[in-house]
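Novice: Residue numbers (the numbering used here), protein chains in the order written: chain A, 280 to 417; chain B, 280 to 417; chain C, 280 to 417; chain D, 280 to 417.
Treat the hints as calculated values from the structure; they're not laboratory data. Among the hints, a few may not be true.
Cross-link-like lysine-lysine pairs, in silico, PhoX-like; alpha carbons within 25 angstroms at most [claimed, not checked]: (1) Lys377/A / Lys344/D; (2) Lys344/A / Lys330/B; (3) Lys387/A / Lys344/A.
All values derive from a computational prediction rather than experimental measurement.
There are 4 protein chains.
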Amino acid sequence: MISHDTHLRVRYGETDQMGYAYYGKYAEYFEVGRVELVRKIGIPYKEVEAKGVMMPVSELQVNYKRPAYYDDLLTIRTSVNERPRSYFLFEYEVFNEKEELLATGHVKLAFVNMEKMRPVRAPQFVLEAIDAYIGSKD
Amino acid sequence: MISHDTHLRVRYGETDQMGYAYYGKYAEYFEVGRVELVRKIGIPYKEVEAKGVMMPVSELQVNYKRPAYYDDLLTIRTSVNERPRSYFLFEYEVFNEKEELLATGHVKLAFVNMEKMRPVRAPQFVLEAIDAYIGSKD
Amino acid sequence: MISHDTHLRVRYGETDQMGYAYYGKYAEYFEVGRVELVRKIGIPYKEVEAKGVMMPVSELQVNYKRPAYYDDLLTIRTSVNERPRSYFLFEYEVFNEKEELLATGHVKLAFVNMEKMRPVRAPQFVLEAIDAYIGSKD
Amino acid sequence: MISHDTHLRVRYGETDQMGYAYYGKYAEYFEVGRVELVRKIGIPYKEVEAKGVMMPVSELQVNYKRPAYYDDLLTIRTSVNERPRSYFLFEYEVFNEKEELLATGHVKLAFVNMEKMRPVRAPQFVLEAIDAYIGSKD
């Protein structure tokens, strides 16, 4: 449905003593991919919060297949394959420069009304932005 | 089978601008709990690597239920509920001081022979340590 | 004048591929020591922000003498050697379990009025808390 | 002498609850700038370690002038203004998109012989790479 490739290099501070990119860093990599996809669709994350909606993460899953090493140039492929309803699902694949698949995973974001601090359905302006983006691709 | 509670405080640098402990930090919290449980059983992580076995993470799952805030004193409850075979499964619950459940999750570690760089079954000294620990509790 | 020892263990995710605690992590260690010292004096950091004062860091210096390794139990010795005026100076020494000095450094915090977003002098309640704490030690 | 601009965006996970890029993250930003400058000169960091030389950080200083916010596109300006002798000095300026100066600082790296684990002078291949790079600019 919607897919976006983000590129980033593994920083020295992100490696651990095994010489791998630390497993917890993938959450950050996923977030970078998510933000860029959301920006591309035309929903600047900053604006979402300005409109009184928070999108906290409700689920994270990562499956690690091969390690990423220091200075590796990674591709974070972020995909949205369904229209968000009560949550926003982002699916991920991470590749290195040899196009080896290093990891897969997903993140679910909830929509939370900041005033009432309770879950809400996907706001209309998010759905419209997604539909407009998909329409513009046809 | 085996369970261990670790306590740690959310650091300022671990919060994000939502005012929550950043979702990626739970991977680090889980790791702290895991290391302490493994130490308690009598398998110092450092020694595992010294014996030519690495235990890279193969899967991470976190379900976020309530946010953790700066300076919250968290309890990371780490459990091992089955004898490891091809991987080592750690299950998690995270609580705040009010004993509210903030998150659940699990981590699977693989066993990797460092020389051949391939997965192996759980090493004998790991299984023995677990059995001895459980036996000592009976 | 005032000194406080905090103990923390180097986490796996804090090491880098040199096998050392990553140099950027000391900023976080310093912050943990600072928060604990400030709490001990009786100025809970959380309250400071609630009173409309932010204490952003204006300067960080670290001198690295010896590496810290994974699982090392560190002592972060935080000292306040002068009454804060336009900034709050924290001085640091980091030791390992062998009492080897691993690093020294300091952090300067500014006092910022959150409403006007400009630097202010040390608030009265901070100075009083310090004086009361020192007085109680005499 | 040598200067290099690196661009990076502040990640969500790098902010703290003040809404600023966490002060400890600048160490990581500096490292990214340093690695890119060193790569540009033609000294791939990876190779340095392969030649038995480590370059641990011996000093870090950061002066924070203005905060960086989530999603800000930062310019990390890294400069080498003197030929390295017993240490390698990198000087830094950090700007936001409005070209406001957010921070200045420096990092000193030592040269360490990995076999003997002791400080050494700047290796010849490092000096030659610097001289060749400067020569090529004349």
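Novice: Now tell me, hint by hint, if it's right for this structure.
Specialist: Evaluation of the provided hints:
A distance of roughly 41 angstroms separates the Cα atoms of Lys377/A and Lys344/D; the hinted pair therefore is violated under the 25 angstroms criterion. At most 25 angstroms may separate the alpha-carbon atoms for a hinted pair to count; Lys344/A and Lys330/B meet this at roughly 23 angstroms. The straight-line distance between the Cα atoms of Lys387/A and Lys344/A is roughly 21 angstroms, inside the 25 angstroms bound, and the hint therefore holds.
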